[in-house]
Amino acid sequence: MPRTLSPGILLTRTTVAAALLVLVMFGCSLIGPQSISLKAVAAGPTSLTGPNPDYEIFLHVRIPRILLAALVGAALGSSGVIFQALLRNPLADPYILGISSGAGLGTMLAVIGGFGWTLWGRSPIAVFAFIGALGTVWLVWGIGRLTGKYHVAGLLLAGVVVNAFFSALIMFLASIAKSQQIHATMFWLMGNMMEEDFLVLWVGAGCIVAGIVALFLLSSQLNIISVGHHDAKSIGVPVGRIEFAAFAISAFITAVAVSLSGLIGFVGLIIPHAIRLLFGPDHRQLLPLSGLAGAIFLVVADTIARTIVAPAQLPVGVITAMVGGPFFLILLVRYSRKVYWLA
Amino acid sequence: MRKWWLLSALLVLWLASGYVMLEPREANVRPGVRCSQQPLRIVSLAPNLTEILFALGLGENVSGLTQDSDYPPAALAKPKVGTFWQPSIEAVIAAKPDLVVTLALEQQKELARRLGRMGYRCLTVDIEKTDDLFQAISAIGDAAGAKEQARELSERIRTEIHRLQAATAAMPKTKVLWVVQREPLRVAGRDTFINEMIELAGGENAIGPTLHKYPSIGAEQVIAAGPEVIIEPVMVRASPGQQHGQVSSYWRRYANVPAVTHGRIYVVDDDVVSRPGPRLPAGVALVAKCLRPELFGE
Amino acid sequence: MTAVIQAEHISFRYGPDQPVLQDISFPVQTGTFLAIAGPNGVGKSTLLNILAGLLQPQSGEVLLEGMSLRSCKVQDRARRIAVVQQESVPVFAFSVAETVLMARTPYFGRLGFESETDRELVRQALELTGTAGFAARPLGSLSAGERQRVFIARALAQDTPILLLDEPTSFLDLKHQVRIYDLLKSIQLERHTTIVAVTHDINLAAQYCDEALLLYPRGGRPAEYPHFRIGKTADILTPEEIERAFDVRIISGVVGNERFLIPLGARAKDSDSAGRAG
Numbered sequence: 001m002p003r004t005l006s007p008g009i010l011l012t013r014t015t016v017a018a019a020l021l022v023l024v025m026f027g028c029s030l031i032g033p034q035s036i037s038l039k040a041v042a043a044g045p046t047s048l049t050g051p052n053p054d055y056e057i058f059l060h061v062r063i064p065r066i067l068l069a070a071l072v073g074a075a076l077g078s079s080g081v082i083f084q085a086l087l088r089n090p091l092a093d094p095y096i097l098g099i100s101s102g103a104g105l106g107t108m109l110a111v112i113g114g115f116g117w118t119l120w121g122r123s124p125i126a127v128f129a130f131i132g133a134l135g136t137v138w139l140v141w142g143i144g145r146l147t148g149k150y151h152v153a154g155l156l157l158a159g160v161v162v163n164a165f166f167s168a169l170i171m172f173l174a175s176i177a178k179s180q181q182i183h184a185t186m187f188w189l190m191g192n193m194m195e196e197d198f199l200v201l202w203v204g205a206g207c208i209v210a211g212i213v214a215l216f217l218l219s220s221q222l223n224i225i226s227v228g229h230h231d232a233k234s235i236g237v238p239v240g241r242i243e244f245a246a247f248a249i250s251a252f253i254t255a256v257a258v259s260l261s262g263l264i265g266f267v268g269l270i271i272p273h274a275i276r277l278l279f280g281p282d283h284r285q286l287l288p289l290s291g292l293a294g295a296i297f298l299v300v301a302d303t304i305a306r307t308i309v310a311p312a313q314l315p316v317g318v319i320t321a322m323v324g325g326p327f328f329l330i331l332l333v334r335y336s337r338k339v340y341w342l343a
Numbered sequence: 001m002r003k004w005w006l007l008s009a010l011l012v013l014w015l016a017s018g019y020v021m022l023e024p025r026e027a028n029v030r031p032g033v034r035c036s037q038q039p040l041r042i043v044s045l046a047p048n049l050t051e052i053l054f055a056l057g058l059g060e061n062v063s064g065l066t067q068d069s070d071y072p073p074a075a076l077a078k079p080k081v082g083t084f085w086q087p088s089i090e091a092v093i094a095a096k097p098d099l100v101v102t103l104a105l106e107q108q109k110e111l112a113r114r115l116g117r118m119g120y121r122c123l124t125v126d127i128e129k130t131d132d133l134f135q136a137i138s139a140i141g142d143a144a145g146a147k148e149q150a151r152e153l154s155e156r157i158r159t160e161i162h163r164l165q166a167a168t169a170a171m172p173k174t175k176v177l178w179v180v181q182r183e184p185l186r187v188a189g190r191d192t193f194i195n196e197m198i199e200l201a202g203g204e205n206a207i208g209p210t211l212h213k214y215p216s217i218g219a220e221q222v223i224a225a226g227p228e229v230i231i232e233p234v235m236v237r238a239s240p241g242q243q244h245g246q247v248s249s250y251w252r253r254y255a256n257v258p259a260v261t262h263g264r265i266y267v268v269d270d271d272v273v274s275r276p277g278p279r280l281p282a283g284v285a286l287v288a289k290c291l292r293p294e295l296f297g298e
Numbered sequence: 001m002t003a004v005i006q007a008e009h010i011s012f013r014y015g016p017d018q019p020v021l022q023d024i025s026f027p028v029q030t031g032t033f034l035a036i037a038g039p040n041g042v043g044k045s046t047l048l049n050i051l052a053g054l055l056q057p058q059s060g061e062v063l064l065e066g067m068s069l070r071s072c073k074v075q076d077r078a079r080r081i082a083v084v085q086q087e088s089v090p091v092f093a094f095s096v097a098e099t100v101l102m103a104r105t106p107y108f109g110r111l112g113f114e115s116e117t118d119r120e121l122v123r124q125a126l127e128l129t130g131t132a133g134f135a136a137r138p139l140g141s142l143s144a145g146e147r148q149r150v151f152i153a154r155a156l157a158q159d160t161p162i163l164l165l166d167e168p169t170s171f172l173d174l175k176h177q178v179r180i181y182d183l184l185k186s187i188q189l190e191r192h193t194t195i196v197a198v199t200h201d202i203n204l205a206a207q208y209c210d211e212a213l214l215l216y217p218r219g220g221r222p223a224e225y226p227h228f229r230i231g232k233t234a235d236i237l238t239p240e241e242i243e244r245a246f247d248v249r250i251i252s253g254v255v256g257n258e259r260f261l262i263p264l265g266a267r268a269k270d271s272d273s274a275g276r277a278g
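Residue numbers (the numbering used here), protein chains in the order written: chain A, 1 to 343; chain B, 1 to 298; chain C, 1 to 278.
Please keep in mind that the hints were generated in silico from the structure rather than gathered at the bench. Predicted model only: the values in this text are computed from it and were never measured. Some hints here could point you the wrong way.
Stated by the list, open to error - Here are the computed distance ranges between Cβ atoms for each label pair: (1) B:Leu13 with C:Thr117: 28 to 38 Å; (2) B:Ala16 with C:Ser88: 45 to 55 Å; (3) B:Ser8 with A:Met190: 45 to 55 Å; (4) A:Leu11 with B:Ser8: 47 to 57 Å; (5) C:Gly130 with A:Gly154: 32 to 42 Å; (6) B:Ser17 with C:Thr30: 53 to 63 Å.
We treat Cβ as the ideally placed atom computed from N, Cα and C, and that holds for glycine.
Isolated chain A (complex conformation):
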C-alpha cells in the first residue's frame, strides 16, 4: 500500500516548519525602520545615557509585534483550511461567512456609541470587533441552517446576504459619524499590527494555539467530511456535531485574530491552497502546516510593511495581497499537474 500520512512524517514536517518559523521570527526582529544590533540589545535595558533604545525597540516594539503577526497568521491559515473543508470549496476564506462585515459593524458601533469599555486593556474597538465578528458568523450559520441542515450553498448565500446588508449598515453609520473617528476605525479595520502588551499576547496565544490543536484533533474526520456529508455519515462520522465544533472553533480563532489586528486578507485563502498543492489535502497535515506557514508568511509580510516605506507603514493587507498573489500563481503553474480540481 502506498505511503499515506504517518505520525512520523507529520512530526518531522511540523518540526521543520516550526524551526523555520522561529528562525524567521528572530531574523525579522532585527529588521526595521531603525537599525539595531544584537550586541546593543544584549547590553540590557539601561545604558549610560538613559534607557537603551536598541533593547527597548527589540523587546517592546519588535518582539511583541512579531509574535502578534505569527499568532494572527497561524489563526488565519488554520481557519482558512477549516472553512475550505466545511464549505467544500477551495476558494473559501475565513471572512466569507460574515466575519469581516461583522467586525466592521462592531467597530463602527463602538466608535459611534462612544463606548469606553476595555477588556484587559484592549481598546473598545477590539472588543466590539470580536463580538461583532462572532455574533455575525452565528447569525449566518443560523440563517444557513434554515435552508437545510447540510446545505452548503445555503450557508454561502446567507454569508453573502449578511455581508451585503452589514456593509450597507456600515456605510450608513460612516456617513453620520464624525469624520475623524471614522478615519481611525477604517484604518484599523484595514489590518494593522500594533505591539500589544504581553498579557494580551499570552491570552491570544492560548486561545489560538488551543483552537488549532482542537481543530487538529478533528482533522481525520474532516477528511471524509470534505469529500461529502453522505459519505461521512455512511462511514460513521457524526457529521453535524463535528461540523458544528469545527465551525465554532474556527470562527472563534478568526474573531480573536480580527480583534487583535483588524482584517488581513489573503492569508486564509492562499496559504491553505499553497500547502495543499505542495503536500496534499490530508487535513491532519494541512492544518498544522498551514498554521505555521501562515505565521511565517504574515511575519515576513509585516516586516516588509513596516520597513519598505519607513518611517511610514503600509497596511499589512496590501503586502499580503501583493506578495501572495504572484507567489501563489507560480506555485499553481508548477504543481498543477499534480492536482485535479474540479468536481
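Keeping the supplied structure of chain A fixed, place chains B and C upon it in accordance with the hints.
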C-alpha cells in the same frame, strides 16, 4: 472525550498563569540613569506642538519631530519620527526622549499608551479650541520646566488676539465661507477651531450649525448661505496668482453669491491658519485682512 | 433465515405532490444478495438511501436487526452497513489509498492515525477491487469505472456485515462488471455479507442475485397491481413482469439454470421475432 477535557484544562491553566504573571501594572516612569545636567530631550508629534516648543525657547531640547513640522525653520534640521498621522514608535524610541508630547488623535493616543507602558513619560494635549491652546501651552510648560516662558507666551498671544478682536468689535459681522476641499465641496462648520478664528477676526460663519464639523455641502446651501467672503487655505507653495486663477474659475458658477460678485475670494497659507499654535494671532490677522482689507492693509 | 433488515410500510415523497414510494414493506434476509430493479424514477436509489439511514421516510421505518434504524447512532449504523453511491470526484485531490483509508476513520487512534489493522484492511480492499495498481493517484485522474471500484473498495474496508450499493457497475466495462459481481458474490458467500444492490442490469441480477425486488412505476397500472414485488430472482425477473415494469418487449431464453432477458425495440434487428425462445 478525555483529550478534550485535557485540552480545556491546559487552556484554563495557561490563561490563569498568564494573568497571574503578567497582570498589567502601572508602569513606573523609567528611573533612568540620566545625569541631571543633561538637557531634557523632547519629542513632538505634531507641527503645532513643535511650534509651541520652539516658542517656549525649548528648541534646543527637541530631539525628534514629525516630518510635517516645518516651522520654525530650525525645525527642519531635527531628526524625524514619522508623520503626525503615522508616527513611528521606533524612531521615537531611538530619539531617547525624556518627554513625548502628542495630540489627542486616536493613533497618537495609542502611541502614548504604548510608550507609557514601556516607561516613557508622555503628555497628551487636546487642542480643539483656543482655550485648549492656552491649557496646552501651560501643560507643556509645566512638564518641560518652562513655566515662566509658558505664562509669557500665553500672555503675548492673548494680548494680540484681544487687540485684533477690539479692532472689529463694533462693526457688523462679515459672512464667511471657509472651504477646506473643493471637490466635493467641504466647508468648516461652526464647531471648529477655524470658526473661532473667523469670529475673532470679526466675521461669522455663513454656514449654520451642522451635524459634522466639516460637512460636505451642495450648491443650494452655498447660495442660501450667501457668503460675502470665501476663504480657501492651500498647502502648495505655488505662486499665489496661479492659485487664485484656479479658484476664481471654479467659483464663477456661483455668480449670484455676493462673495463671487464682488470678487472677494481669498487664498491663504494653510500652515498659518490651520495649526492652533503660537502663530494663532498671525492666523487671525490673516483672516481679518481678508474680511476687512481696508482696515488691515495689504 | 432471519431478516437482518426489515422495511415496514415505507412511504416517501420529495415534495407535497411528488410521492415516490408508497407503503413498501419487505424483509432482507441475512446473507442474501438482493437486487433492486425498476425503471428510472421509480425510487430505487431513494429506497436504498432509506435502507442506509441516509434519508428518513415520512412514514414507516427500517428495522436493523430488530432495532429501529432511526434510533441507531451513526457510528453503530456504520459498523453494520456500508454504502457505495454513484461515483463522484471530490473537490480535494485525495489519492485512492487515502480515500479507501477514510473508511476506517471511526477506528483511528486518539490523534487520528490509523493502526496496522486498518492498513491491512485497506490493502485487502485495494487488492480485491484491482485498484492497488494506481493507489497513489488522485481520484480525479482516474476513469469513472476506476473510481467506482475505489468507492467499492472503501465500502469493503469498512468491514461490515451489510453492503448496500447504488448501481455499482454502471460505468464499468464488461470485464469489470463481471469482476465486481464475482467479487460481491464471493464476499457474500465467504463472509456471509448481506448485499443489496440497485441495478439496471437484470441479466447480471439473474445470474448473481438470490432475490430481487422489482419496483413498478406509478402511472399506467391497474389499481390492483402492487407497487413492488419481492422474491427469488427466478420468480420476480420474469419476462411478463419485466415487460410490465419497464414497458418494453422482452425476448427471453435460458442459459443453464437461469433465464436471460433481452429487450427488443421496434427497430431492433430481431424485432419481428415475437414471443419467447426456448
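Verification of the hints:
no.	hint	in the structure
1	B:Leu13 with C:Thr117: 28 to 38 Å	holds (36 Å)
2	B:Ala16 with C:Ser88: 45 to 55 Å	holds (48 Å)
3	B:Ser8 with A:Met190: 45 to 55 Å	violated (35 Å)
4	A:Leu11 with B:Ser8: 47 to 57 Å	violated (24 Å)
5	C:Gly130 with A:Gly154: 32 to 42 Å	holds (40 Å)
6	B:Ser17 with C:Thr30: 53 to 63 Å	holds (59 Å)
In summary, the numbered hints that this structure violates are 3, 4.
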